[in-house]
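S.K.: So you can see what is in the structure, the chains are spelled out below.
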Amino acid sequence: MFLSVRAIAAGLLCLGLLLTGCQKQQQAAPETKVKPDSARNAAPEFALKDADGKTVTLAEYKGKVVLLNFWATWCGPCKIEIPWFADFEQKYKDRGFAVLGVAMDEEGWEVIKPYLAQSKVNYRVILGNDTVAGLYGGVESLPTTFVLDRNGKIASTHVGLVSKSDYENEIMQLLEGAKSSDARSAITASNRAAN
Amino acid sequence: MLGALLLPLTAQQIDFNSLRAVVRLTAPEKIAAARNETVTVDVVAKLKDGYHVNSNVAPTYPLKLSLLENPAAQLLNVVFPVPKSHQLAGETLSVFDGEFRLKLTFKVAQNAPIGRTLLTSKVSYQACDDRVCLRPDSIQLKLPLDIRN
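Chains as they are written, first to last, in the numbering used here: chain U, 1 to 195; chain W, 1 to 149.
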């Protein structure tokens, strides 16, 4: 009896350690909100002006993974993210990635341009409006960020500040996912050619 | 939000669970004053936990309190509390948080109609917590004023 109690206790201890280990593993896993391809909706199209007055459409970005960030110069949490996005632009632009900032300042370029210069933003910024915000669910709070896949579909949405690593994991997942899907297409094509 | 704008009460029925509803205003249920009298009213603002609004001296979207135009009364002055400093993204912001009082002073017009008048105060603000900022907004609060001779 004594032995069986010890055996049960040891068993429970092992189970506990196992569960704790699992839990730790779950905690360590990077958080990602990337939806499966089948659950993604097309990002609404828009035509907005950049700082040079040039019209920018989302269609221009088809084939790229896009981080579409609604922000404003009066938004403190947005300012935390902006250097991260500049970093992503630099690191991943050659792999088919782009950041597109949508500034929601009602005062327009008069306040946006000085901020962009001061904060060394290296990605494209366009001036948003309520119509476009409406297309994206209203964008009542900032930052609101959509990560789009190469087909212009919304793969993830973030309202408020999230961690840099969360964004980076999603970007990587979409860049690599697209690559493996391209590889799959290439394999299928070469198989067809062989047959 | 529209409900709050139309509510003829001195306290707003704000559901703090709603994302945009972060500021609740209350004021005395009844204000009594004579024609030509100067009146000071405390408007109490309570913010949703974790949120702050730009103070009245903040450079962008400062907190403002005004009276909508009404021939019965004219706004003379608003006294704001001392702002707090809040650090975010390497900047020091001038903010109000928690619960604070705004002292609104107005003068009843000499020819104001005797009886009940509803003044409307308007508070314009821009609120954030450390994760998210809400777009600039305003709310209104009715102030029932009983004017006597």
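What the hints contain is simulated information worked out from the structure, not anything from laboratory work.
Watch out, some of these pointers could steer you wrong.
[Unchecked claim] Here are the simulated lysine-lysine pairs, DSSO-like style, with alpha carbons at most 30 Å apart:
1. W/K64 x U/K79
2. W/K64 x U/K113
3. U/K91 x U/K153
4. U/K33 x W/K48
5. W/K84 x W/K46
6. U/K164 x W/K48
7. W/K142 x U/K79
8. W/K84 x U/K79
9. W/K46 x U/K79
10. U/K113 x W/K142
11. W/K64 x W/K142
12. W/K142 x U/K164
S.K.: Decide, hint by hint, whether the structure agrees.
M.R.: We went through each hint and held it up to the structure:
no.	hint	in the structure
1	W/K64 x U/K79	24 Å, holds
2	W/K64 x U/K113	27 Å, holds
3	U/K91 x U/K153	22 Å, holds
4	U/K33 x W/K48	27 Å, holds
5	W/K84 x W/K46	15 Å, holds
6	U/K164 x W/K48	27 Å, holds
7	W/K142 x U/K79	37 Å, violated
8	W/K84 x U/K79	20 Å, holds
9	W/K46 x U/K79	26 Å, holds
10	U/K113 x W/K142	40 Å, violated
11	W/K64 x W/K142	16 Å, holds
12	W/K142 x U/K164	45 Å, violated
Of the numbered hints given earlier, the model fails hints 7, 10 and 12; all others are met.
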